[in-house]
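Chemist: Keeping their order, the protein sequence lines are chains R and H.
Going by my numbering, the letters in the first sequence line up with residues 1 to 137, in that order.
Going by my numbering, the letters in the second sequence line up with residues 138 to 529, in that order.
The hints are all genuine.
25 Å max Cα-Cα, derived DSS-like pairs, lysine-lysine:
hint, chain 1, residue 1, chain 2, residue 2
1, H, K237, H, K488
2, H, K237, H, K208
3, R, K127, H, K161
4, H, K324, H, K383
5, H, K208, H, K251
6, R, K51, H, K488
Per label pair, the in silico range of CB-to-CB distance:
hint, chain 1, residue 1, chain 2, residue 2, range
7, H, W154, R, L3, 38 to 46 Å
8, R, S113, H, D447, 44 to 52 Å
9, H, I176, R, E89, 27 to 35 Å
Keep in mind the hints are simulated off the structure, nothing from the lab.
These numbers were taken from a predicted model, which means no experiment stands behind them.
Where a beta carbon is used, it is the ideal one built from N, C-alpha and C, also for glycine.
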Amino acid sequence: MELPGELRGRPIVEGISRGRALVSGNPLSFLGGVNPETGVVIERNHDLNGKCIKNAILCFPHGHGSTVGSYVLYSLARRGLAPKAIVNERADPVVVVGAVIAEIPMVDQIDISNIRTGDIVEVDGGKGIVRIIGRKE
Amino acid sequence: MYLSREEERIYEGEEGWAYQVAMKILVKLGDLFNADRLIPIESAHVSGVSYKTIGDASIDFIEALSRTGAKVRVESTLNPAGIDYEHPEEMIGLPEIREKQDRIIRAYSGMGIKPILTCTPYYMKRPSEEAHLAWAESSTVMYANSVLHSWTNREGGPSALAAALIGKTPNYGVHRPENRRADVIVKVEAELEDDSDYGALGIHVGRILRDEIPFLDGLPHPSESSLKHLGAAIASSGMSSIFYYKTPYPKSSDRLEIIRVDADDVRRAYESLSTTSEKPDMVYIGCPHCSAEEIRDVAKKIKGRKVREDVKLWICTSRYVRERAAEHVRMIEAAGGKVLVDTCAVVTWIKELEVDVLMTNSAKTAFYAPTMNGVETIYASLDECIEASCSN
Chain R
1 MELPGELRGR PIVEGISRGR ALVSGNPLSF LGGVNPETGV VIERNHDLNG
51 KCIKNAILCF PHGHGSTVGS YVLYSLARRG LAPKAIVNER ADPVVVVGAV
101 IAEIPMVDQI DISNIRTGDI VEVDGGKGIV RIIGRKE
Chain H
138 MYLSREEERI YEGEEGWAYQ VAMKILVKLG DLFNADRLIP IESAHVSGVS
188 YKTIGDASID FIEALSRTGA KVRVESTLNP AGIDYEHPEE MIGLPEIREK
238 QDRIIRAYSG MGIKPILTCT PYYMKRPSEE AHLAWAESST VMYANSVLHS
288 WTNREGGPSA LAAALIGKTP NYGVHRPENR RADVIVKVEA ELEDDSDYGA
338 LGIHVGRILR DEIPFLDGLP HPSESSLKHL GAAIASSGMS SIFYYKTPYP
388 KSSDRLEIIR VDADDVRRAY ESLSTTSEKP DMVYIGCPHC SAEEIRDVAK
438 KIKGRKVRED VKLWICTSRY VRERAAEHVR MIEAAGGKVL VDTCAVVTWI
488 KELEVDVLMT NSAKTAFYAP TMNGVETIYA SLDECIEASC SN
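Okay, chain H solo, but in the shape it has when bound:
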């Protein structure tokens, strides 16, 4: 890979260790994937924020970078943390956890990254179309490439951080137009209504695809939230970083493999995401973090009802969306639900809040929660989730 004289200097460590490590990560990835050079990025989104998911050793790594005084060179945001700082009373109250989480956020903030703790930063600021980005968090990557038409590879936490510090990313993968074409046509022969139908479809598609790029043929008029759930699910069970759903067939479509998906496939995906038929202790909406429209939908369904005493209803979103949906947030909270920010049920400690059975309309959460949270899962539509959480 070609490096400019300036980039060579950084690689040799002349601007210090942090920039050197960052440059090494970028160059290693660039060489591996046959990048010709580094290209400037518009923004970075960094994952690896919750203390629950990254653990102790990673704090040392991030703090070591931060201590050097290195700063990011582009606008950068953070994925959700392990604590809701606005509603600490809902969280596990261990001082050690709070201290570790504070250290992580301080270290990132010290590098100039905005402590906007969300997996849907695009509701706050949409990236430009065809802008190059370095975004981590697989659902965010899927949404950026497929719905927002920005261009980002599926970065890891460290590679997004490295790109933020350098302000560039290696020119490979879906940064090149020739790598953004669909490889396979998925003919969807199933009726899809709720976002959870799209999530179940996504889990099935991710399982059969490896890292191929699907053109999903036969989606009627998916909402942006349906597409968000679809992408998050494909990325959970698979490696893809982009899908197509409405653009005309790519020119080479006659040579593309065609895979058919029917209602049985979707049903089986639903079944695979539920591990129990017990009653839920927690009902969770907001993976990925809710849009203002999703919060409005919950508010409409829950208006005039009451959340059961023995069930926690969590709706997770960003501070930005929570403020904008204030009226609907009040309706949900009047019914006994909690609209939380900065975190989500997967990256915080819910088992410790005595949650054994988690019900959700998020395929991504149902996919990860049994191992990441040690809970049983029930995967269901938003209607069923609200029904199970209310006593009237």
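Chain R with its partners taken away, still in its complex shape:
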């Protein structure tokens, strides 16, 4: 099966992470949208509702909602519940600052429709590269 291979975006927060992709078509609010004690998405009518973002390569279009969201990402990281990397179509400041202080590798300007939930993905935040290295048939 042919994989999209290497996607090139914009480097935001440096660091290299490998893990399984969790892909959403919906914008995500970390404040109120993710339970900071479990890492589970609780935003209503969200396609990731009920899914845990811990250790995922979390791919979503962009953030929305309250500016306290940056601290929620920091909280998640301190509890070991943060995603391993964040891939956005368009970064917004709430998510970027959260990724900076939580030290989560982050890339944006990626067409995330190329990535499927469950794909094994490597993110190089310093170079802005997302590599899809495995996909279940």
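Following the hints, put chain H in place on chain R, whose structure we already have.
Modeler: The following block gives chain H in isolation, referenced to the frame of chain R:
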């Protein structure tokens, strides 16, 4: 992004870790959004204050900054906390919560931030027109840009704190005139009366806009409180940080996309904000924090009536507004309502006060409360809210 020699020194850590982290946040944002330099700000408003919303790990971060002795370089205020310090008897009484909330406020105060705990700091002191600000709290940002004509990006709690410590913000986004123009015209073809009509409109507009800047055409003569509710709602369901409502069409209007919004859209937004038809345990007015005029309106409607035994009526505002509206506050409290300060129903613990159904005239609260507070919501006009809270 250009950094002066002084800014470089801070980035390299020569003034200590706290200023270095602050500068890194600003530079990262500046590089990301193609800022050319840092610009001085008039004031900062910092969100991320309630222990309920920021959690334990964030306390460590703020305390670590504060312990270094770093101080803010501009006038700075704080968003609401998780406790009303003047009316602790109305709050959940757990000592652990009180201790954590105290630590957060102490850490911010230690950095020189005034512990004015409100999301409407502009009632106390209006920022100057065309002044650059670094304000967090999305409803506050909307109001500053759209109604007060000050200029602020939609900061996160940490980036507003970083800007406060440095006294500057990166020159990008709506700090540049070319980024403040309307992108889309929203023709409002619905009758809007109550603030809650504006809130429902805002939720709908935020959902369809992404981060575009709307020019809302067809708003009759909105009051400042209607505009506050409209902006808070657009920012809840969307990413915009500014809207226009009365200035003439921008010059390029003939090229702008036009979106029509009708009464059905507003009605559907109302429906989406109510999750139940049960009776409320709490009726909540004051998101964003009430102005003196909003408190007066509640007082007039509730005069001579009595709040039901089985309903809590909460009106939230700042200490400043509560003092100025003292006479109307007495009228509300004589009827059995509570006019609270320093906090709000969303950032304190209401589920633990045995509230299962929350009725409100705030679209922002109705949008967030089901997930942030775990309650059912009823979204309604101020009249309906007062009606449901009173027994006579």
